[in-house]
Amino acid sequence: MRLIGNIIWLILGGLILSLGWALVGLLLCITIVGLPLGVQAFKMARLTLSPFGKTVTYGGGLGSTLANIIWILLVGWWMAVGYLLAGLANMITIIGIPFGLQSIKMAQLALMPFGARVTKRLA
1 MRLIGNIIWL ILGGLILSLG WALVGLLLCI TIVGLPLGVQ AFKMARLTLS
51 PFGKTVTYGG GLGSTLANII WILLVGWWMA VGYLLAGLAN MITIIGIPFG
101 LQSIKMAQLA LMPFGARVTK RLA
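Residue 17 in the UniProt record's numbering sits at position 17 of the sequence shown, and the numbers go up by one each step.
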């Protein structure tokens, strides 16, 4: 299911979204100040490229919390709302439910990327 889900995801827009995140990451990494934000954009690009079979674990400390607060105020809230609306739209049909769940997973990461790790899910 993971492979088929990722292939369908890529065909229906995941590749374009992932390339967009990668481009944003490159632009942010041009400056020293934007480097931490660029790293988070690359994290989103990696998850957007193949979301099936991946899990997001949250952690971090005070630094991650403060960075997430700034991220939420600047860009995180509207990116998370976009992913959430896309997820809800996908869930209108039974076939779209798995894709909606992946969009909601990405909404959580788009809201608070600092301190989060994207890992392969075992089994």
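Derived from the structure by calculation, the hints contain no laboratory data. Worth double-checking, as some hints may not be accurate.
Stated by the list, open to error - Cross-link-like lysine-lysine pairs, in silico, DSS-like; alpha carbons within 30 Å at most:
1. Lys-120 to Lys-43
2. Lys-120 to Lys-105
3. Lys-54 to Lys-120
4. Lys-43 to Lys-105
5. Lys-105 to Lys-54
6. Lys-43 to Lys-54
Checked hints:
no.	hint	in the structure
1	Lys-120 to Lys-43	13 Å, holds
2	Lys-120 to Lys-105	14 Å, holds
3	Lys-54 to Lys-120	4 Å, holds
4	Lys-43 to Lys-105	13 Å, holds
5	Lys-105 to Lys-54	10 Å, holds
6	Lys-43 to Lys-54	12 Å, holds
In terms of the numbered hints stated before, the structure departs from none.
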